[in-house]
Each structure stands twice: as structure tokens, then as C-alpha cells.
Amino acid sequence: MLRIFHNTKYDFIRWWRVAVGLTVAFIAIGIGSLAIKGVNYSIEFTGGTLKQLSFKTASSPAQIRSAMDAAGFHDVEIQQFGTPRDFTVRFRGSEEVAAQSTGAEVVSKKVDSVLTSAFGASNVTVVRTEAISATVGSELRRNALIAILLSFAITLVYLAFRFEWRFGLAAVIATGHDVFTTLAFVKLLHLEVSLTVVAGLLTVLGYSLNDTIIIFDRVREDLRKGRKESLYDTLNRGINETLPRSILTHATTAAATLALLIFAGEVIRPFAWVMLFGIVTGTFSSVYIAGPVLLWIEHKYPRKNAVPVWNDSSTATPTLRTKPSTATARS
Amino acid sequence: MSLKYRIAIILALIAASAWLLFPRTVTERVKRNGVFVADTVRRVPLKRGLDLQGGMHLELAVDESKGAVADKADAIERALKVVRTRIDQFGVSEPLVQKAGADRIIVELPGIDDPQRAMDVVQKSAFLQFEITDKTNALEKALPRLDAAVKGLASAAKTGAAVTPTTAAAAPTDSSKNALQGLFSKDTTKKAAGDSTKSDTSLATGGPFSKLIQQGQMPGQYYVLQSDVPALQRYLAAPSVQGAIPPGKVIRWSTDTTALGANTYRAMYVLDSRPIITGEYLTDAKPTQTPTEGTVVEFTLSNEGGRRFRNETSKHINDYMAIVLDSLVITAPVIQGAIGTRGQITLGGRDLQAAQDLALVLRAGALPVPLKIVDVVNIGPSLGADSIRASIRAGVIALALVIIIMIVYYRFSGMLAVAGLAVYTLYTLAALAGFSATLTLPGLAGFVLSIGMAVDANVLIFERIREELDHGKSTRLSIDEGFRHALPAIVDSNVSAALTAAVLYQFGTGPVRGFAVTLLAGIAASMVTAIFVVRTFYIIWLSSHSDKQALSI
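Line by line, the protein sequences give chains A and B.
The first sequence: position 230 = 229 (numbering that gives the first Met the number 0), numbered continuously.
The second sequence: position 449 = 448 (numbering that gives the first Met the number 0), numbered continuously.
Don't read these hints as lab results, they were simulated from the structure.
Where a beta carbon is used, it is the ideal one built from N, C-alpha and C, also for glycine.
Just to be clear, a hint being listed does not mean it is correct.
Claimed, not checked - Capping the alpha-carbon separation at 30 Å, the derived lysine-lysine pairs in BS3-like fashion look like this:
id: 1; chain 1: B; residue 1: Lys65; chain 2: B; residue 2: Lys210
id: 2; chain 1: B; residue 1: Lys547; chain 2: B; residue 2: Lys472
id: 3; chain 1: B; residue 1: Lys46; chain 2: B; residue 2: Lys371
id: 4; chain 1: B; residue 1: Lys371; chain 2: A; residue 2: Lys108
id: 5; chain 1: A; residue 1: Lys108; chain 2: B; residue 2: Lys98
id: 6; chain 1: B; residue 1: Lys80; chain 2: A; residue 2: Lys108
id: 7; chain 1: A; residue 1: Lys108; chain 2: B; residue 2: Lys3
id: 8; chain 1: A; residue 1: Lys224; chain 2: A; residue 2: Lys8
id: 9; chain 1: A; residue 1: Lys108; chain 2: B; residue 2: Lys547
id: 10; chain 1: B; residue 1: Lys314; chain 2: B; residue 2: Lys65
id: 11; chain 1: B; residue 1: Lys3; chain 2: B; residue 2: Lys547
id: 12; chain 1: A; residue 1: Lys55; chain 2: A; residue 2: Lys8
id: 13; chain 1: B; residue 1: Lys371; chain 2: B; residue 2: Lys98
id: 14; chain 1: B; residue 1: Lys65; chain 2: B; residue 2: Lys80
id: 15; chain 1: A; residue 1: Lys224; chain 2: B; residue 2: Lys472
id: 16; chain 1: A; residue 1: Lys224; chain 2: B; residue 2: Lys547
id: 17; chain 1: B; residue 1: Lys472; chain 2: A; residue 2: Lys227
id: 18; chain 1: B; residue 1: Lys140; chain 2: B; residue 2: Lys210
id: 19; chain 1: A; residue 1: Lys8; chain 2: B; residue 2: Lys472
Said to hold, decoys possible - Stretch-level coverage of chain B by chain A, calculated; a stretch enters the list once three of its residues show a Cβ under 8 Å from a Cβ in chain A:
id: 20; region: 296–309
id: 21; region: 367–380
id: 22; region: 452–465
id: 23; region: 504–518
What the hints assert, rightly or not - Examples of chain A residues toward chain B, derived with CB under 7 Å:
id: 24; residue: Glu129
id: 25; residue: Ala133
id: 26; residue: Ala198
id: 27; residue: Phe262
id: 28; residue: Ala263
Use the sequences and the hints to build the structure in full.
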């Protein structure tokens, strides 16, 4: 029987301060950059026109830019898309978006004729067009936000129903943490926030929550066994007991995600990046966010007949260790 | 449950899945030599989304730029019927026309290769009118007033900009709008303005309006130099100029331009504003090609319409009748005799396709409200094929990696899990086919991802079995206990994932919705395989092995 990380007794929770420090720093950098530079929304959310071009022979962004410039399109984003023959061209300057208010196809039509006259119909093919008016864009943005908030609300209700509220709240806070780290990651990698990336984000939420639930399930079960140990130890025990499962599942999921990242093409790549990061942050938050938050809640609002939250011997958390005075301070 | 029943259920599910996925003969409309014909093809009955097979997605909304629409919900309902009729006749396999939200129409046309034509057919209002051209020289009489109105327009703009700051602020926005119109109008060639006075038929008396127009070939028809058309249209849009137009008359433009000598002109018509008849009486329209007149659309009117038409045309023999579609004059033939229920529209040099499309929109009826496109996504067929190839490659590699990990780590039990994975793949695809869900590119990605996640339930169970074995329990007991203890965690985690997927389904559009559907199907299938199918595999194994035999896990 091949076994990895079997019967481990790592004191994971002990490092929570370092872990929280790191993740807060990461979120601060990402969200700070987000606040300063704004979100890099895709055409779906901003409104505008996207054209994916496929040239017969290699072309360059400069060639496309000069053709567009000559036709009066000055605010154009040109990106190579995979091969040197494939490009995406985005038109979402205020002028172009305003022109689309009379009909989303207006800019697209004009661009088609510019391309044909500049490069010849046989040399360039428009393989994909997305033309979205600003109204539809803002609608989609609102729907995406509602989707994220609603999935939060629904999981909270489910967790409250399945677990006791202390566990549910800790799990939701850990999941919320994942939203922020994933957004920070998206920003730091300059990924475009598209509907597919939002779908990726929600999948990460589900995956991370799944991980937290597995650990909490084990903690709940261990608590029922009535061992004479602190919650701190039970939590560590639960994490260690589920460690082989975590490693295996993360390995198979990461394998599938890597296959997508490398082989599934440009359209799926942002989704695969988000998912790959999601495996990391989901695992991290299940241990280092959900765990400490649970301990903190149990300490602040202890249940009846509760086991002690912290070990007396634990040195990692001197300030939060249960003292007789905190019980009175609560009221 | 006895082993026999378990096996029977699994086999029944596999048989049902195989049946759902078996390639079947379907009737499709395919394009052959430019025309659509019904054809039968054999293929796996999985519906591919537009992003995988190529095609166009259009979203239409009521266009209120030319006036507010009172009852939008009712208007969109009626527009939906018209659009549906038009699309049904358009000739695409499996088109989709449906209402989205309160005031949108979604049109999906898979496999379309001429998106421009499709947009025209969908958007064309197709409001047909027959109007008699003016023969009273009403425009000539009104010219002094029109010239004065245009002059007033120019001076008002000047003084307004100089005096009041509010109009000064408004002026730049106006000019930027004009610049934008210039940017997107087809006509970019600028010709010398002096050219317009060249012709001796010019009505030029020096006025800013009258110098732009010259007498055409029939009463009520005028020629305008193509380069002057935007300026004239701008004048005509102004309220003061509108007020100077003779009462009971209406000015309309021709659809086409005519070349006279070196210059290109566009005809402008002055028509009686009361149409002698409109397209509402039209019962049929069909395109034909005649040797003498080229492409024509023949139409038939209802009996009542025919009566009116005969009545009116008999009063106007030797007059010219403009055939107006969506406020543009297609043609203006002379009325040689009374016309009854049958008539025709001559399209001159245009091709049969144009006649077909015109006949189609006339048959389907006019749109009750103008529609505008708010969202269009068009995917070329080659891109979709590339996406499918890439996704399948990623899927195969993901599957291989997962199989290797599972078998290396869990040996025999890993093989059971892999067998379960095969069943899982079959069930998921069958569920997608069974619910006729649409497979999209994100959906395929979700499916590949789910291969990695689906083994999670197996991993949970196997780890539990290992723990029970560690406690010194017998193989049979360990397996039982392992499944029992892993169950709550599996249910909890899958339900929470399913809830997230359900939210995505509710709020996602097109491709993302496909992703949510695949995720949901995958979650259901993975629970069935891990809890029921793999369990059955173990029971089969146990039935032929003694309890003392060590389990390879």
C-alpha cells in the first residue's frame, strides 16, 4: 500500500499568524492595484467590439494598427492570440462604444470593410466577432455580481442547515477570503475579467468550500468522540487525518487543470489560470482561514459543554488562550 | 439491496446512456450549392453551442431612438412572432428565436456564413407603402421658404454659439456627433461642392437648399449629388425646415444611387403623404426573375386590399407610384392601368438573393416596432472545430493523468475507481444528451475539470477504508464502514457545489450556462458512480474473495 503523509501530526494551526500575514499582504497588493488601476473587464462587461482575426501569413500588431488608424479608429487594443497569424482587436474607446448605442453591429461592420480594403478579403478572416452595447455590458456585470453574492447567501443557508452556525460562518469567511485572493491573482496576472473567469471564480468558491467542509466534517466527527483534547488539537487532528485525501484530490484536480491550461487553447486559458490558483487558495484557506476563524468564534461565543479551545501548552497563541476572565468579559 | 439488483440497475443505466448517445439519423437543413435542402445525417445527439459549431447570436431590443414605444411588452411579443416567421424561412438548421427578459429577443443561427444578410433580414421593419409622387410642383413652390429656413438654421447656430454658454457647450457635442456620423457613414469621398451646380437642369437660385437639388426624370423626383446627401439630410432633420415642407407631402430617399455622367446621384422623392395602400393587405410575395425586368418580387393582396388598390390606381393612371419600404423608395413605376390583387416590385439589377429576402420579410409582415441589435456574437466554423479538437486533447490528457495517479496510488481499488470514471463519463454525456443540454466551450472545460474532481468521492472513500483497515477491522467491514463514514462529507461537498452551479445556470448566459449544466450533470453522475457503482464493484470482488484476503488499496 503506497501511502503519503500517513499518520502525520503537523501542527498546522500554529503557523496561522504567518499565513494570515502573507495572505493579507497578497490581498492588499492585489486589491490595491485593483483600486488604483481598476478592473480589466472583458468586452462582455464594458461594451465594445472584439474581432479575432486569422491572417494567411504572419502579420504584426503594427500593421493592423496602422490600418485602423487610417480608418479613424485610434483607441484600439491589439493582441497576438496564440500564433503570429492570429490576433484579437478590441474597440472600446468611448467614441466606439457610443457609436454602438444605435446598433451593436455598427463598429463591427465598419471594421470589416477596413480590413478587407487594407489586407484583402482572401488574406484575413474574421473568425470571431463580439459586439456588445454598453447597456448589455452593464446588465451582465450586474448579473455576475448578483450570481456571486447569491451563491454566497445560498451556501451560507446550506451550511447553517447542515452544520452548526459557528462552522458555517468560519467556512463562509474562508470562502470570502478566496474571492479576494482570486481577484488579487486575476489582477496581478493581468487576466481579463470575462464571464468565463467569473464562472471560474464561482467554481473556485465551490471547490474551496468543498475542502473546508471535508475538514470540518472530520472535526465534527472527532468532537463527537469526546476525546479529552482542546479544539485546537482536534482541528489539527482533522487536518492531518484528511491530509492524504487533500493531497490526492488536489493532485488529480491540478492534473486536469494543467491539461486545460496547456492544451485547451487561448479561450479557456484564463479560466484554467483562475482554477489553478483556486486549488492553492482553496487548500490554504481551508486550513489557515477556516481553522483559526473557527477557533476564534468558539473562543468568543463558546457553546455549552465546550471543550477548551486552546491547549495550555500551546505557545503559538498566548493572547487568545482561554482565561477565566474572558468568560465574564463576554457578558 | 441484493447484488443482482445492483448489477441490473447499473447495466440498465449504462444501456440507457448508450442508447441516448448512440449516433442517430437526424434531419438537418444543410446548404448545398447555395441553397438549403433537407438532408439526413448520422451523428451523436449532443447539441453543440454556437461557440463550438460556429454561428451567430443576436440580441435585439426595441429601438426607441425615433420615438418612445408605449407598450413595450406587447410590442416585443408581436415583434417576436414576426422575427420567428422570418427566421424559420431564412434557411438555417435549428435556429432559435426566443424572448429574453421583458424586452429582448434572442436569435441564434448556427452555422450561418453570411451574418450581414441575417442581421438585415431580422432588423428590416418591412413596412411597405405605395405612395403617389407629387405632380403639383409643391417643392418648387416651397423652395423660397425652405431656403430661408436653412439660412436661419445657419445663423441661429452662429449667434447661439456666440451668445449663450449653454448652447456653446452643446455645440461641440453636436459636432462630435457629426464627426462620428461621418466616421461610420459609408460615404467618405468628398467631392467639390461646386459640382452640384454644373447641370443645366439645376434649380439653383442661389439658396442653400435649392442649390443642392435638381429636377429628376419624373414629377416629384429630384437628384442630389451623393456627396451632398448628408448635408441635405441634416437640413431636413431640423424642425424649422420640416415646417417648411408643403403640407400633405413627404420627402423620401431612394434606396439606390444612380450614375449620371461622371457623378453619382441619389434620388429624392416628394410624395403624397397618404399612402394609397400599405403592406398590411399583403398575403403572399415571391421572387422571380424575368427576362425583361430582371429580378422582381410578385405580391398578392387580400380581396379587400385588391379592391382598394384597384380603386386608387384607377384614379391615378399615368401617375407615378413610389413603392416605399421602410421609408425608402425602392422603385417608382408609372401606373399604366388599374391594378388589382396582384402586383410586382421591380428590383432592377439586384440578385435573386435580395429578391428572396425581400419576399421573405414581406410575407412575414412588418415589424410592429423598429428593433436594434444590442449584442452580436459571431463565431466562424473553423474556430469552433479548433476548440473541440483542443478540448478533446486536454480531456484525454487529463484522463490519462488521473488514471495514472489513481492506479499508482490505490492499485486494484484505483482500477475500480477508473472503471467508475468510465461509467461516470458515459453517464455525464448521456445526461447532457438526455436533457438536450447545449455543450459549449466552457462546458467542455468544465467537463475536463470534473474528471479531476470526480475521483474526490472515491478518494474520500478509499482513505476511509484504509483507516478502518488500520484499526484492524476485516476487509468486508472496512469497506462497509469506509463507505458509511465517507458519505456525509461526499453529500455535503457535492450539494454545495451543485448549489453554486445552479446559481451560475440561473444568471449565466449562453456559454457559461453550458458550463453550469455540465457541472450539474457531472456532480450527479460522480455521486452515483462513487457511492453506488464503485460500491457494487467491491461487493462483486468480495463475493469471490474470502474476508481474510488483503484488499489492494
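- What are the numbers of the hints the structure violates, in ascending order? Hint check: 7, 9, 10, 12, 20 and 25 fail, others pass.
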